[in-house]
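Number of protein chains: 2
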Amino acid sequence: MNIGAFTYEEFIDKVKSFHGSIAPGIVAGGIMVNIARANLPQGEFFDVICETGHCLPDAVQLLTPCTIGNRWLKIVDTSRYALTFFNKYTGDGIRVFLDARKLKDWPAIRAWFLKEKPKRDQDQQEIIDEFRMAGTSIYSTEKVRVKPSYITSSKQKRSSISLCPSCGEAYRADLGETCPACRGKGPYIGKGK
Amino acid sequence: MNIGAFTYEEFIDKVKSFHGSIAPGIVAGGIMVNIARANLPQGEFFDVICETGHCLPDAVQLLTPCTIGNRWLKIVDTSRYALTFFNKYTGDGIRVFLDARKLKDWPAIRAWFLKEKPKRDQDQQEIIDEFRMAGTSIYSTEKVRVKPSYITSSKQKRSSISLCPSCGEAYRADLGETCPACRGKGPYIGKGK
Chain W
1 MNIGAFTYEE FIDKVKSFHG SIAPGIVAGG IMVNIARANL PQGEFFDVIC ETGHCLPDAV
61 QLLTPCTIGN RWLKIVDTSR YALTFFNKYT GDGIRVFLDA RKLKDWPAIR AWFLKEKPKR
121 DQDQQEIIDE FRMAGTSIYS TEKVRVKPSY ITSSKQKRSS ISLCPSCGEA YRADLGETCP
181 ACRGKGPYIG KGK
Chain G
1 MNIGAFTYEE FIDKVKSFHG SIAPGIVAGG IMVNIARANL PQGEFFDVIC ETGHCLPDAV
61 QLLTPCTIGN RWLKIVDTSR YALTFFNKYT GDGIRVFLDA RKLKDWPAIR AWFLKEKPKR
121 DQDQQEIIDE FRMAGTSIYS TEKVRVKPSY ITSSKQKRSS ISLCPSCGEA YRADLGETCP
181 ACRGKGPYIG KGK
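Same order as they appear, the protein sequences are chains W and G.
Take the first sequence: its letters are residues 1 to 193, numbered as in the numbering used here.
Take the second sequence: its letters are residues 1 to 193, numbered as in the numbering used here.
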């Protein structure tokens, strides 16, 4: 089994170096990326949505040109283990999800996915081996159309920049008269953070 | 100038291959990661917050063990060009930001950062050259403490998993009686998506 342009073993090495560990979810994610690609017209430009921030986005970042920082990958957290590749102009896409109804023959995957056992009682290597053996058989796909807010419009205009009168830093002017952090929406403890 | 473990040229190659283009913001981001690291106790485990989803997260993902998928990198969007490295147990950290008050001598960076000119009138290479020449002189740092919700607690318990009675997919049980997508919070057009 190849994962994208890599052999399975090369992909595992990539995962280890980028993600820090060989998480079973990324192995699944690699196969899900394969399935999505196989269902898309060749050569088409696509954006990706991951429906969870756990593991799955790293498979996408390793295997496609889409990253969080270039904005071609977005996370819309529904907590479902699913990803969608879609045409960034029309919004038409293919959604791939790990299908809980197809796990009957895969006890290790099932225990991991549905958290049937505490993590300490799960054997990581066994889960990964099952993912490899199960191949594409445990996923389902469906055609979807994404909401207009995720579609790239040629009319999109980026907001102008202001200096926040409170912290002095540059921020998007359309967000308000001070920056979000100075209105208490920042991640820090303390005044205006 | 080195960026992390790379020479400047190696870093530029990495950016091109991961992010798809040599965006000036990632070059700045690389220097910001250098500054954050230099201000942290050596060998300390840290998490990272980026205050924007544009470019900056990709510099962090290329240069640190922190990725979106392993959850050591989080985006808290205040739209400010800033990142924070913090101790994941105490919340104490160092925040690094591109300082609009220090750009007097750098017209290309200024035009890019404050959007003083339309993108088509900006010279990408000139901006990148200015970032290289400016080195660390155009950033500021401050000590911060992040809010408790970003701190790793040893008591953290992951929610159990349910099968959504509407779509049949696995989701985090604590999110409600059906999954968020089936309550209209998904990214797709159509019933229960």
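Each hint should be verified, as a subset may be incorrect.
Where chains are identical, the list cannot tell them apart; a pair therefore holds if satisfied intra-copy or between any two copies.
Here are the simulated lysine-lysine pairs, DSSO-like style, with alpha carbons at most 30 Å apart [to be verified]: (1) LYS185 - LYS74; (2) LYS74 - LYS14; (3) LYS117 - LYS88; (4) LYS119 - LYS74; (5) LYS115 - LYS74; (6) LYS147 - LYS119; (7) LYS119 - LYS88.
Just so you know, the hints here were simulated from the structure itself, not pulled from any lab data.
Being a predicted model, the structure only gives us computed values, none of them experimental.
(request) Go through the numbered hints given earlier and state which of them the structure violates, listing their numbers in rising order. (result) none
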